[in-house]
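Using the sequences and the accompanying hints, generate a full structural model.
Those protein sequences? They're chains W and F, same order as listed.
Just so you know, this note's numbering puts 48 at position 48 of the first sequence, and the rest follows in order with no gaps.
Just so you know, this note's numbering puts 1039 at position 39 of the second sequence, and the rest follows in order with no gaps.
Everything labelled a hint here was simulated from the structure, so no lab data went into it.
The model shown is predicted, which means the values in this text are computed figures rather than measured ones.
Worth double-checking, as some hints may not be accurate.
Straight-line alpha carbon distances no greater than 20 Å define the calculated EDC-like cross-link-like pairs of lysine to aspartate or glutamate that follow [claimed, not checked]:
| hint | chain 1 | residue 1 | chain 2 | residue 2 |
| --- | --- | --- | --- | --- |
| 1 | W | Lys58 | F | Glu1104 |
| 2 | W | Lys101 | F | Glu1059 |
| 3 | W | Lys101 | F | Asp1056 |
| 4 | W | Lys101 | F | Glu1104 |
| 5 | W | Lys49 | F | Asp1038 |
| 6 | W | Lys101 | F | Asp1038 |
| 7 | W | Lys42 | F | Asp1038 |
Facing chain W, according to a computed beta carbon distance under 7 Å, are these residues of chain F, among others [what the hints assert, rightly or not]:
| hint | residue |
| --- | --- |
| 8 | Glu1030 |
| 9 | Val1050 |
| 10 | Gly1097 |
| 11 | Tyr1102 |
| 12 | Phe1107 |
| 13 | Gly1108 |
| 14 | Pro1109 |
| 15 | Gly1110 |
The beta-carbon is built from N, C-alpha and C at its ideal position, and this holds for glycine as well.
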Amino acid sequence: AQSVTQLDSHVSVSEGTPVLLRCNYSSSYSPSLFWYVQHPNKGLQLLLKYTSAATLVKGINGFEAEFKKSETSFHLTKPSAHMSDAAEYFCVAAGSDSWGKLQFGAGTQVVVTP
Amino acid sequence: NAGVTQTPKFQVLKTGQSMTLQCAQDMNHEYMSWYRQDPGMGLRLIHYSVGAGITDQGEVPNGYNVSRSTTEDFPLRLLSAAPSQTSVYFCASRLAGVRGAYNEQFFGPGTRLTVL
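And the structure:
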């Protein structure tokens, strides 16, 4: 069975410093992987997606993620945090069934301090 | 495009009441789904549909019912509300894809439901 683990439930960074959100997945094949962001009281917005093309994926708002098959990881990074990056982030994998059922990680809450 | 729309945004029910959460999309997406979000648990799939007239259960279907008579609409019915159904509900839609290249899901703004 496929699963997604976000290794940190909370991350606190200072404005202007790098952000690293860690995600590991377990799967018997190369899944489609996504990072979504959810600002308070809002819906989920796609940051970026990996679908077996380039292993380094660039997304919106300066975020990028690297797919590492050997480590079964898909960590999200940003070189310089902005106050507007404060939100919850979800790592998501598309399932092995024909429908592509999504498996969500539990989420990482990011706090950005001035 | 309005994208994925949900109504109502907020709802308070008493135990035992029934109601329908509405979801519509104008992107001609084949796939639609309902999730609930509870603190520390990410999003969990309630029901999904791969096309008009076709629905299936997700991981937490008990107490909920769905139907899909058109491509655009995918309502979620709570049959007899219970306090355990207090949650935020999200509807989502996407185009069909293939393994290894699934398309992104587009999410609605959510419905906050409280059951007293």
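query = Taking the closest Cβ pair, is Glu1030 of chain F under 7 Å from chain W?
reply = Hint on Glu1030 of chain F: violated, closest Cβ of chain W at ~10 Å, above 7 Å.
ask   = For the pair supplied as a hint, Lys49 of chain W and Asp1038 of chain F, is the alpha-carbon distance within the 20 Å limit?
value = violated, 24 Å
key: Interface hint outcome for Val1050 of chain F [beta carbon to chain W under 7 Å]   = holds, 6 Å
key: 20 Å limit on alpha-carbon distance, applied to hinted pair Lys42 of chain W and Asp1038 of chain F   = Given pair Lys42 of chain W, Asp1038 of chain F holds - Cα atoms ~14 Å apart, limit 20 Å.
key: Holds or violated: Lys58 of chain W to Glu1104 of chain F, with C-alpha atoms at most 20 Å apart   = holds, 15 Å
key: Residue hint Gly1097 of chain F, partner chain W, criterion CB-CB below 7 Å   = holds, 6 Å
Restraint outcome when Pro1109 of chain F is required to lie within 7 Å of chain W by C-beta distance = holds, 5 Å
ask   = How about Gly1110 of chain F: closest beta carbon in chain W under 7 Å, or not?
value = Holds, about 6 Å.
request  = Report holds or violated for the interface hint on Gly1108 of chain F, using the least CB-CB distance to chain W and a cut-off of 7 Å.
outcome  = holds, 6 Å
Pair hint outcome, Lys101 of chain W versus Glu1059 of chain F [Cα-Cα no greater than 20 Å] = Roughly 10 Å separates the two Cα atoms, so the pair holds.
ask   = Hint check: is the beta carbon of Phe1107 of chain F less than 7 Å from a beta carbon of chain W?
value = holds, 4 Å
ask   = Are the Cα positions of Lys101 of chain W and Asp1038 of chain F separated by 20 Å at most?
value = Holds, because 19 Å separates the two Cα atoms, which is no more than 20 Å.
The structure fails hints 5, 8 (numbered hints given earlier, in ascending order).
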